[in-house]
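Enquirer: One letter stands for each residue in the lines below.
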Amino acid sequence: MQGGGENATTTDERHSSRVTFEVNGSSREVTLDNRTTLLDALREHLDLTGAKKGCDHGQCGSCTVLLDGRRVKSCLVFAVTLEGRSVVSVEGLAGPDELSPLQAAFIAHDAFQCGYCTPGQLCSARGMLDEVARGWPSAVTDDLSAPAELTDAEIRERMAGNLCRCAAYPHIVAAVRETAAAS
Amino acid sequence: MRAFRYHRPADVADAVAVLAAEPQAAYLGGGTNLVDLMKLGVQRPDVLVDVTRLPLDTVEEAPDGGLRIGATVRNSDLAAHPTVRRDYPVLARALLAAASGQLRNMATTGGNLLQRTRCVYFQDTGKACNKREPGSGCAALHGQNRDLAVLDWSEQCVATHPSDLAVALTALDTVVEVHEPDGPRDVPITALYRSPGTHPERETTLARGTLITAVRLPPLPAARRSTYVKVRDRASFAFAVGSVAAVLDLDGDVVRDVRLAYGAVAHRPWRAYRAEEALRGRPFSPELAARAADAELAEARPLRHNGFKVPLTRAITVRALSELASS
Chain A
531 MQGGGENATT
541 TDERHSSRVT
551 FEVNGSSREV
561 TLDNRTTLLD
571 ALREHLDLTG
581 AKKGCDHGQC
591 GSCTVLLDGR
601 RVKSCLVFAV
611 TLEGRSVVSV
621 EGLAGPDELS
631 PLQAAFIAHD
641 AFQCGYCTPG
651 QLCSARGMLD
661 EVARGWPSAV
671 TDDLSAPAEL
681 TDAEIRERMA
691 GNLCRCAAYP
701 HIVAAVRETA
711 AAS
Chain B
-10 MRAFRYHRPA
0 DVADAVAVLA
10 AEPQAAYLGG
20 GTNLVDLMKL
30 GVQRPDVLVD
40 VTRLPLDTVE
50 EAPDGGLRIG
60 ATVRNSDLAA
70 HPTVRRDYPV
80 LARALLAAAS
90 GQLRNMATTG
100 GNLLQRTRCV
110 YFQDTGKACN
120 KREPGSGCAA
130 LHGQNRDLAV
140 LDWSEQCVAT
150 HPSDLAVALT
160 ALDTVVEVHE
170 PDGPRDVPIT
180 ALYRSPGTHP
190 ERETTLARGT
200 LITAVRLPPL
210 PAARRSTYVK
220 VRDRASFAFA
230 VGSVAAVLDL
240 DGDVVRDVRL
250 AYGAVAHRPW
260 RAYRAEEALR
270 GRPFSPELAA
280 RAADAELAEA
290 RPLRHNGFKV
300 PLTRAITVRA
310 LSELASS
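In the order they appear, the protein sequences are chains A and B.
In terms of my numbering, the first sequence opens at residue 531 and continues consecutively.
In terms of my numbering, the second sequence opens at residue -10 and continues consecutively.
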């Protein structure tokens, strides 16, 4: 695998696979060492460097993408498992010259400083808003039988899988709140 | 990371057959724990058998009123399931208190039950760990053991089981459906996990290569009044330093039935039978709940840094049961 640090040894055919999956609406076919994560496949093989490698252990959220419409941590997904599935990374949230309402709200509310966590925050927020629309409860939802209301406490809890070292959290909450209210 | 072959099995029998034929193969579910442990060099499978496309992803209401949950049902789907939220809130609460939104979308029911301890010595290949490398010793016993066991530990291992889901399922007397190399079998969850003893590398009573295919919740109308209280070092996205799953059934103020299980105190989810016994048939009060917890925790043997877990576990027992009693 290229660019994989400790995975520098070459492998034979038994340890690599050809896999076809959709990325941001286009079908992509790649042959990869089975050890390649979705994050590394995007960044090192498909020239999509939006998703970021922060911790590479599923703790920071900067690698968050949507897999079949659900937010996941791409550093903990082996790309070989993705045959026939659909991935949306930050590059696919809007057209190349457009901003999604969520992205526009992040800019309007100054919801980042260095920006490293932002692609993950955006994909996570996109997936989270869809979860709310489906009525999913969270750990801070008092009444499990009622539809979730997106209070600031709910936004914070639901976005807990995304860390921001610049601590732009209040602005991220504001951007997500505004996007939810407008949709 | 060690190179591995990848296999997508046609059915459960195929999956189990590959594990039987390949001594270093492992099942891959959501990957949230296994992929991380492979990166750390703690687990080094040479074949991954991806079970996530097997038809084990449904939640079915059983004719007797119970619920059968397929092994590949994702944690987020299970927590959001209307029947779980209505009839087994302790289960929904335990799932929602665990991990993050992204990880719950990935993690499976079966994989959650078989996840490995988060003992930092287990996760560090530079440290002695009998669970990772039998016979190498336990660096945690006299190391930084704040997060580790207070009950039922051995000189060989003081690790705790990290799952919240498993604690809730233990309180609910769940039956785990497994497919062993010899065929299918039902295992009560209270008989699934082992004490560490002299073989902490053996975490369950399952034969090697066994696949969990489903878990079955028995009908338990009392579970409509149930909850999960978890204490963490931060408000969200952290493993428990203490947790309790509780079901309370009152007849007036008398405890008709009660189910209690603790997390973060032992090598396995800890069913608190003694505490239940101390509560059953008596008028409920917070003082009774505290005495019941004391009965359960009388045999606790705290390590150097985790003595606080005993009063903490007592306190959350009182809190969980008092909340249920007044609800």
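Since the hints were made in silico from the structure, they are not lab data.
All C-beta atoms in this analysis are idealised placements derived from N, C-alpha and C, irrespective of residue type, glycine included.
Check before you lean on any hint, since a few could be wrong.
Far from chain A, some chain B residues (derived; all Cβ distances over 12 Å) [unchecked claim]:
id	residue
1	1
2	96
3	133
4	170
5	241
Label pairs and their in silico Cβ distance ranges [as the list claims (entries may be wrong)]:
id	chain 1	residue 1	chain 2	residue 2	range
6	B	177	A	676	31 to 41 Å
7	A	634	B	175	30 to 40 Å
8	B	243	A	630	54 to 64 Å
Enquirer: Would the non-interface assignment of residue 241/B survive a Cβ cutoff of 12 Å against chain A?
Expert: Label holds. Min Cβ-Cβ 26 Å, cutoff 12 Å.
Enquirer: Grab the minimum beta-carbon distance between residue 170/B and chain A and tell me whether it stays above 12 Å.
Expert: Residue 170/B is indeed farther than 12 Å from all Cβ atoms of chain A, at 24 Å.
Enquirer: Are residue 634/A and residue 175/B spaced within 30 to 40 Å by their CB atoms?
Expert: Between residue 634/A and residue 175/B, where Cβ atoms are some 54 Å apart, the hint is violated.
Enquirer: Is 31 to 41 Å respected by the C-beta to C-beta distance linking residue 177/B and residue 676/A?
Expert: At roughly 34 Å between Cβ atoms, residue 676/A and residue 177/B fall inside 31 to 41 Å, so the hint holds.
Enquirer: Confirm or reject: residue 96/B is not an interface residue toward chain A, with every Cβ-Cβ distance exceeding 12 Å.
Expert: 10 Å, violated
Enquirer: Closest CB-CB distance from residue 133/B to chain A, is it above 12 Å?
Expert: 19 Å, holds
Enquirer: Could you say whether the range 54 to 64 Å given as a hint is met by the Cβ separation of residue 243/B and residue 630/A?
Expert: About 57 Å separates the Cβ atoms of residue 243/B and residue 630/A, which means 54 to 64 Å holds.
Enquirer: Closest CB-CB distance from residue 1/B to chain A, is it above 12 Å?
Expert: 18 Å, holds
Of the hints listed earlier, those the structure fails to meet are numbers 2, 7, in rising order.
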